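Engineer: Below, each chain spelled out in residue letters.
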Amino acid sequence: MEEFSKVFIKEIKIASRSGYEALMPIMYLLIIVLFFNISISYISKNLILELTPLMIWLSCLLVSVLNLESIFKEDYEDGTLDYLISSNTFHESVIVAKVFSHWLLTTLPVVVVSPFISLLLGIDYQTTLILFLSLVIGTPTMSLLGSVAAALTLTLKRGKILLAIIVLPLYVPILIFGTSAVNNSFLQMSSLSELIFLSIIFLVFLLITPTACLKSLRLSLD
Amino acid sequence: MNLLMKIINLTIQRNDRNILDNISLDIHTKSFLNIYGANGSGKTSFLKVITGISEIESGAVVNHSNNQVYVGHKYGLKTNLTVSENLMLDLQNNNRDKKNKLTDALEVYKMSKYRDTLVKHLSHGQQKRVSLMRTLLLDSDIWILDEPFSALDEETKGILNNTFVDANEHDKTIIITGHSAFKHDQLKVRNFLLKDGRIQ
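Residue numbers (the numbering used here), protein chains in the order written: chain W, 33 to 254; chain P, 947 to 1146.
Just so you know, these hints were derived from the structure itself, not from any lab.
Quick caveat: nothing in here was measured; it's all calculated off a predicted structure.
Note that beta-carbon positions come from the ideal geometry of N, C-alpha and C, so glycine has one too.
Treat the hints with care, since some could be wrong.
Stated by the list, open to error - If you anchor each label on the Cβ, the simulated ranges turn out as follows:
id	chain 1	residue 1	chain 2	residue 2	range
1	W	I63	P	K1141	51 to 61 Å
2	P	T975	W	P201	50 to 60 Å
3	P	K1066	W	L98	21 to 31 Å
4	P	D972	W	L98	28 to 38 Å
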């Protein structure tokens, strides 16, 4: 727990010095949503309303993929990763701290903004709430999964595209449960089972990915 | 002197070439080792394996201490944080004792006036000094330093030599790498030439 808090505090401190960078994912999300709306503006209003929450979910997923590379990249480039691994205190808790702080700083702002976009685009409160909850559960799972791919592609110069190719197919179950929870809510059906499934996926990956990520980092640093 | 680390038949292969070829070595407490050799001779690979950064492909490294500090070519510093923030976050507890230790380390390396300076505003040499300060702050049994004298001015080289003597008196084990044999009047240095993947 001490290692977790040490890494977490360090990450927050670094992020607080990086200024406007935290706003970038939000800007990116707004632009994607705007583009989606322009591209579907000619279809019927009811269909737009049905598609909008799904479109927001997909946009958050894309923003999440965009940021994955940065989980370990800076630490690798400035030597922090070597230093941490050699210090014998680099355990799974450090990985969880890094992934959690990364999610908190890059994806959570997007998740928080999403309900406002949803309400602004005329989606009802219930669907907006389910959208928010499914994103709160779904996006950390994506970060956990993505951390393994980020570790594997760490030393590659053009790793960003490969990272997306590795990770996107693995996001399919999360996307299915997330979007169907939102869709069920829009159709005034229960979304509970989808949210439970999303939670189970999150817990499973919380157990598996830190160990896999640690192993992947050692392989990459070889 | 107790056996601190035992390296048994260590072999590392890259692109069908043996970078390290069947190396065996006993490292005892309070010993000072200098692994030297030409560029690309495998010095950094050797250090990365014994520190646990790289996976062992063949052979074994038995480390009886789980308390080591490694300073590599990259300094492991966050450029958007100040010198003191970088070093304090490494320490286990942010208590008064550790703060005193930080003050002492800054004085030893003559960096006190840069305490609250962002690392990105320091020169390479100064950044290296900050990374070397970690050896003084962490109570590690083993110091593993990759080419510690590179990028340092004469004054800092003198400081580093003094810290080696002091650490040796406090039973620390020091492993460094370099391009030539290392001699020191007050230290019993074991020099090993790393050539063609073998220690000579």
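Engineer: If a hint holds in the structure, say so; if it doesn't, say that too.
Structural biologist: Each hint tested on the structure:
One distance hint, 51 to 61 Å for the beta-carbon pair I63 (chain W) and K1141 (chain P), holds here, with the actual separation near 57 Å. Between T975 (chain P) and P201 (chain W) the Cβ separation comes to about 52 Å, which falls inside the hinted range of 50 to 60 Å. The given range of 21 to 31 Å is respected by K1066 (chain P) and L98 (chain W), whose C-beta atoms sit roughly 25 Å from each other. Between D972 (chain P) and L98 (chain W) the Cβ separation comes to about 50 Å, which falls outside the hinted range of 28 to 38 Å.
Checked against the numbered hints listed earlier, the structure breaks hint 4 alone; every other hint is satisfied.
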